[in-house]
Amino acid sequence: GESVGLHLPTLSVQEGDNSIINCAYSNSASDYFIWYKQESGKGPQFIIDIRSNMDKRQGQRVTVLLNKTVKHLSLQIAATQPGDSAVYFCAENKADKLIFGTGTRLQVFP
Amino acid sequence: EAQVTQNPRYLITVTGKKLTVTCSQNMNHEYMSWYRQDPGLGLRQIYYSMNVEVTDKGDVPEGYKVSRKEKRNFPLILESPSPNQTSLYFCASSLSGVGSYGYTFGSGTRLTVV
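First to last, the protein sequences are chains A and B.
The numbers in our numbering rise by one with no breaks, and the one at position 89 of the first sequence is 89.
The numbers in our numbering rise by one with no breaks, and the one at position 105 of the second sequence is 1105.
Please note: incorrect hints may appear among the correct ones.
Unchecked claim - In silico BS3-like links for lysine-lysine, alpha-carbon gap of 27 Å or less:
hint : chain 1 : residue 1 : chain 2 : residue 2
1    : A       : K71       : B       : K1069
2    : B       : K1057     : B       : K1017
3    : B       : K1065     : A       : K42
4    : B       : K1057     : A       : K94
5    : B       : K1018     : A       : K71
6    : A       : K94       : A       : K68
7    : B       : K1069     : B       : K1017
8    : A       : K42       : A       : K97
9    : A       : K94       : A       : K71
10   : B       : K1065     : A       : K97
11   : A       : K94       : B       : K1018
12   : A       : K97       : B       : K1069
13   : B       : K1057     : B       : K1069
14   : A       : K97       : B       : K1057
15   : B       : K1071     : A       : K94
16   : A       : K97       : A       : K71
17   : A       : K56       : A       : K71
18   : A       : K56       : A       : K68
19   : B       : K1065     : B       : K1018
20   : A       : K97       : A       : K68
21   : A       : K56       : A       : K97
22   : A       : K56       : A       : K94
23   : B       : K1018     : B       : K1069
24   : A       : K97       : B       : K1071
25   : B       : K1065     : B       : K1017
26   : A       : K42       : B       : K1057
27   : B       : K1057     : B       : K1071
28   : A       : K94       : A       : K42
29   : B       : K1018     : B       : K1071
Everything labelled a hint here was simulated from the structure, so no lab data went into it.
Can you build the whole structure from these sequences, using the hints too?
In structure tokens, the structure reads:
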């Protein structure tokens, strides 16, 4: 999940396994959510988005689930690969701007 | 290639010496924004612009200025940098606000103020 501490929460998975990264958002009025991937030395890169009138959206190897009841968002990555190693951020829209979580570091080991 | 270009990528400067970080996008996006990224604090918005000549403060605007004279450019100005502005800065753009569109980010500018 998200963290406000100095260290990012880390998820370590074995190559080939599925990864699930979680995020709790704060604004019940948010109607748009996005997941970003940030590799070392690069800017955040758009992965997938979902609107609040949806519960699930699938992309290529990624699925985002939205549970509005408990204000929870998750990103599932199927068959995790070494290239998936990065920091993942969720973001919610609030007053026409994006508010980002502090991120989760995904480590993939062989 | 559609992209957001920031310059410079790395900058070391001294306290009080004015500097400008440039940002340019080639996607005809109306919305542009500056974020700073610090360990444990995630991405925090400094300033944003909904369109040419329209700029607004984000969550951490103190010590920064911006301008939007042209649609494609959105420079970040530090009139008198201080060490607490040492950070990783990202420029981002979007077709039109947040709405149904995410942001496209630049590659970042790592600024060190000594």
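Here's how the hints hold up against the structure:
no. : hint              : verdict
1   : A:K71 - B:K1069   : 39 Å, violated
2   : B:K1057 - B:K1017 : 23 Å, holds
3   : B:K1065 - A:K42   : 24 Å, holds
4   : B:K1057 - A:K94   : 14 Å, holds
5   : B:K1018 - A:K71   : 43 Å, violated
6   : A:K94 - A:K68     : 15 Å, holds
7   : B:K1069 - B:K1017 : 23 Å, holds
8   : A:K42 - A:K97     : 21 Å, holds
9   : A:K94 - A:K71     : 14 Å, holds
10  : B:K1065 - A:K97   : 19 Å, holds
11  : A:K94 - B:K1018   : 32 Å, violated
12  : A:K97 - B:K1069   : 21 Å, holds
13  : B:K1057 - B:K1069 : 17 Å, holds
14  : A:K97 - B:K1057   : 11 Å, holds
15  : B:K1071 - A:K94   : 24 Å, holds
16  : A:K97 - A:K71     : 18 Å, holds
17  : A:K56 - A:K71     : 14 Å, holds
18  : A:K56 - A:K68     : 11 Å, holds
19  : B:K1065 - B:K1018 : 11 Å, holds
20  : A:K97 - A:K68     : 19 Å, holds
21  : A:K56 - A:K97     : 23 Å, holds
22  : A:K56 - A:K94     : 21 Å, holds
23  : B:K1018 - B:K1069 : 20 Å, holds
24  : A:K97 - B:K1071   : 18 Å, holds
25  : B:K1065 - B:K1017 : 14 Å, holds
26  : A:K42 - B:K1057   : 25 Å, holds
27  : B:K1057 - B:K1071 : 18 Å, holds
28  : A:K94 - A:K42     : 25 Å, holds
29  : B:K1018 - B:K1071 : 24 Å, holds
The structure does not agree with the numbered hints 1, 5, 11 stated previously, though it agrees with the rest.
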